[in-house]
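Chains as they are written, first to last, in our numbering: chain U, 1 to 291; chain E, 1 to 317.
Calculated from the structure, these hints are not laboratory results. Being a predicted model, the structure only gives us computed values, none of them experimental. Yeah, the Cβ is synthetic: ideal placement off N, Cα and C, and Gly gets one too.
From the structure, some residues in chain U lie toward chain E, with a derived Cβ separation under 10 Å: (1) G105; (2) G240; (3) P272.
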Amino acid sequence: MKMDVSVALGAVIQGVMMGAIYGLIGLGITMVFAVTGMLNFAHGDFMSLAMYLCLALHTAFNLDPYLSLFVTVPAFFVLGLLLYHFFFRRTLKAEILMVVQLTLGMVFIIENGVLMVFGPDYRSVPNFLLTTVVSMGDMFAVRGTYLVTFLVGGAVGFGLYWLIESTDLGRQIRAIAQDREAAQLMGVNVARVQMLIFAIGIALLGLAGPLLTSILTMEPYFGLHLTLFAFITFVMGGVGNFLGTLIAGYILGVTESMGMLYLGGYYGAAVPYAIFVLLLIFRPHGILGTK
Amino acid sequence: MILLLGLVLVPPRASVFWVHTFTMILLFIYWTSAWNIIGGFAGEINFYHPLFIAAGAYSSTLLFMNYRISPWIGMWVGVAIAVAIGVGCAWICYRARLPHLSFALAAMGFVYMGLYIGTAMEWVTGGTRGLTLRPASDPANMMFGDKATYYYIALVLASGAVALSWWISRSRLGYYMSAIRGNLLAAEAVGVNTVGYRLLAMAISASLTAIGGTFYTQLNLFINPQVAVSITGVISMILFCAIGGFGTVWGPVVGTLLLMPIGELLRLYVAVPGLHLMLYGIIVITVISFAPHGLVPWFQDYAARKRGAAGQAKEPG
Chain U
1 MKMDVSVALG
11 AVIQGVMMGA
21 IYGLIGLGIT
31 MVFAVTGMLN
41 FAHGDFMSLA
51 MYLCLALHTA
61 FNLDPYLSLF
71 VTVPAFFVLG
81 LLLYHFFFRR
91 TLKAEILMVV
101 QLTLGMVFII
111 ENGVLMVFGP
121 DYRSVPNFLL
131 TTVVSMGDMF
141 AVRGTYLVTF
151 LVGGAVGFGL
161 YWLIESTDLG
171 RQIRAIAQDR
181 EAAQLMGVNV
191 ARVQMLIFAI
201 GIALLGLAGP
211 LLTSILTMEP
221 YFGLHLTLFA
231 FITFVMGGVG
241 NFLGTLIAGY
251 ILGVTESMGM
261 LYLGGYYGAA
271 VPYAIFVLLL
281 IFRPHGILGT
291 K
Chain E
1 MILLLGLVLV
11 PPRASVFWVH
21 TFTMILLFIY
31 WTSAWNIIGG
41 FAGEINFYHP
51 LFIAAGAYSS
61 TLLFMNYRIS
71 PWIGMWVGVA
81 IAVAIGVGCA
91 WICYRARLPH
101 LSFALAAMGF
111 VYMGLYIGTA
121 MEWVTGGTRG
131 LTLRPASDPA
141 NMMFGDKATY
151 YYIALVLASG
161 AVALSWWISR
171 SRLGYYMSAI
181 RGNLLAAEAV
191 GVNTVGYRLL
201 AMAISASLTA
211 IGGTFYTQLN
221 LFINPQVAVS
231 ITGVISMILF
241 CAIGGFGTVW
251 GPVVGTLLLM
261 PIGELLRLYV
271 AVPGLHLMLY
281 GIIVITVISF
291 APHGLVPWFQ
301 DYAARKRGAA
311 GQAKEPG
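Construct the complete structure from the given sequences, taking the supplied hints into account.
Okay, here's the thing in structure tokens:
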């Protein structure tokens with residue numbers, strides 16, 4: 001019996017640690033939605049791209065995924081700026097339907113580009129912490145990779161939350177989220193904030209991707225799943241609620257790992273989506289939603 | 001006219017491979033038109049259609065394999081199930097009043113849930129190994145020895161879907177839908193039952209798609225959850241529709257005819273997995289940069305401008 005409890009506890013802890021990352025990628029979607037009103041269907045695919053970039057760096061230069069963070073984060077920030085400048089800026093001025101076409105087009109380009117370059121196999125990248133296990137008391141032990149993911153993901157997630165709540169940029173973000181035109185009239189440079197936030201959203205994926213390369217096995221088509229996970233936290237947290245999104249990430253992580261532990265296989269994989277459907281039925285305004 | 005005549009006469013002379021390819025292209029014109037009714041006319045971008053295809057495919061196949069009920073009858077069970085799924089899921093989403101585009105992503109959640117549960121329920125769906133129908137050519141069981149027969153059925157389906165789209169675009173229903181697409185709140189304010197009409201559009205689209213699912217299974221005599229519940233399939237439909245023009249009668253036809261033959265040729269001659277899908281993505285992003293509403297509206301605008309210019313040139317004279 002003690003064994004069962006510690007296994008369950010281990011799964012909860014593992015879920016919480018994954019949840020830090022789900023919250024982080026969900027925060028990216030929530031922030032971009034708050035300032036631009038658009039949802040990027042290729043969100044998860046950019047994260048999958050970051051993971052494959054990591055794989056390429058590891059194969060070519062034997063670079064540890066944790067070190068390739070110093071490449072992927074700036075690279076994805078610049079990529080975000082460029083994408084925004086050349087594609088998304090125009091679609092925002094046109095109509096929202098174009099975002100669908102544009103981002104679905106990107107989904108196909110990224111997923112199949114990755115498929116053509118890296119092949120259809122499941123891959124993962126080892127890092128130097130892969131075999132490290134951190135014991136906490138005699139009840140349970142945590143793999144080092146999960147711990148790093150949790151610490152970095154959690155710190156960045158709550159750091160961003162602090163940024164949104166307590167800095168000038170954050171006030172601008174919240175002003176734009178409430179009323180774009182009024183914010184513009186009050187002297188907020190809306191276009192600049194939108195571009196910056198979009199780039200930060202993509203850079204977050206450049207951060208999350210490498211952290212997970214040793215935990216998740218990647219395959220070319222799994223980007224859409226990540227997009228959905230981000231979207232689930234977006235809805236679960238109560239649309240546009242930054243703190244809610246972060247918390248929802250942890251809930252999603254725990255339900256996912258509990259589903260895997262107790263149901264396993266395909267039923268287990270369906271659990272996060274089932275939770276999402278139940279949420280839409282019973283708490284459509286999210287866990288922290290008030291209306 | 002010549003094109004139409006060609007469509008009717010050519011298949012008996014072509015090789016089986018090409019007949020099959022063109023049958024698939026016609027089927028995609030049909031599915032894309034069906035998607036366009038909810039996604040284009042009513043402006044409700046969504047990813048539900050894999051579930052409808054699966055409903056059609058599995059209902060007819062399971063009823064036939066277990067109870068020897070002809071797919072001609074079984075497919076109507078599929079239609080009923082598809083409508084129930086579509087209307088049920090859409091109703092849940094409308095009730096939640098999520099922001100724009102969330103409807104689409106929520107649909108994707110339903111689809112992944114369907115895919116995993118479908119794959120897990122191996123004793124029903126055959127899991128990843130799927131179900132294979134034993135070939136026995138018998139028109140009563142919607143199985144034909146001649147591929148050309150499938151081709152003609154697909155031709156009828158595709159023409160029927162286009163005709164239905166044409167009728168809807170000129171009916172009261174079509175006007176309500178375009179009002180909903182244009183401005184949901186305004187449509188609601190003038191008394192359009194926005195939820196009701198969107199659910200109706202969803203029901204029409206779901207039933208058509210399910211019939212296509214049954215036909216697809218009878219054509220290939222095989223189905224598994226990965227083939228039926230394919231997100232790639234529905235994204236292809238959306239991209240075909242986007243290139244042709246969302247909410248236009250001919251958009252799905254033009255978009256599918258433009259992209260799918262290129263894709264099939266690439267699959268045949270270059271045989272790099274994923275290349276054709278990547279190309280779809282590149283073409284879509286290129287096309288929307290100069291024709292944001294798709295090719296059909298772009299061409300109509302162009303023709304109108306030309307006529308306008310010609311008319312102006314004549315007037316002074």
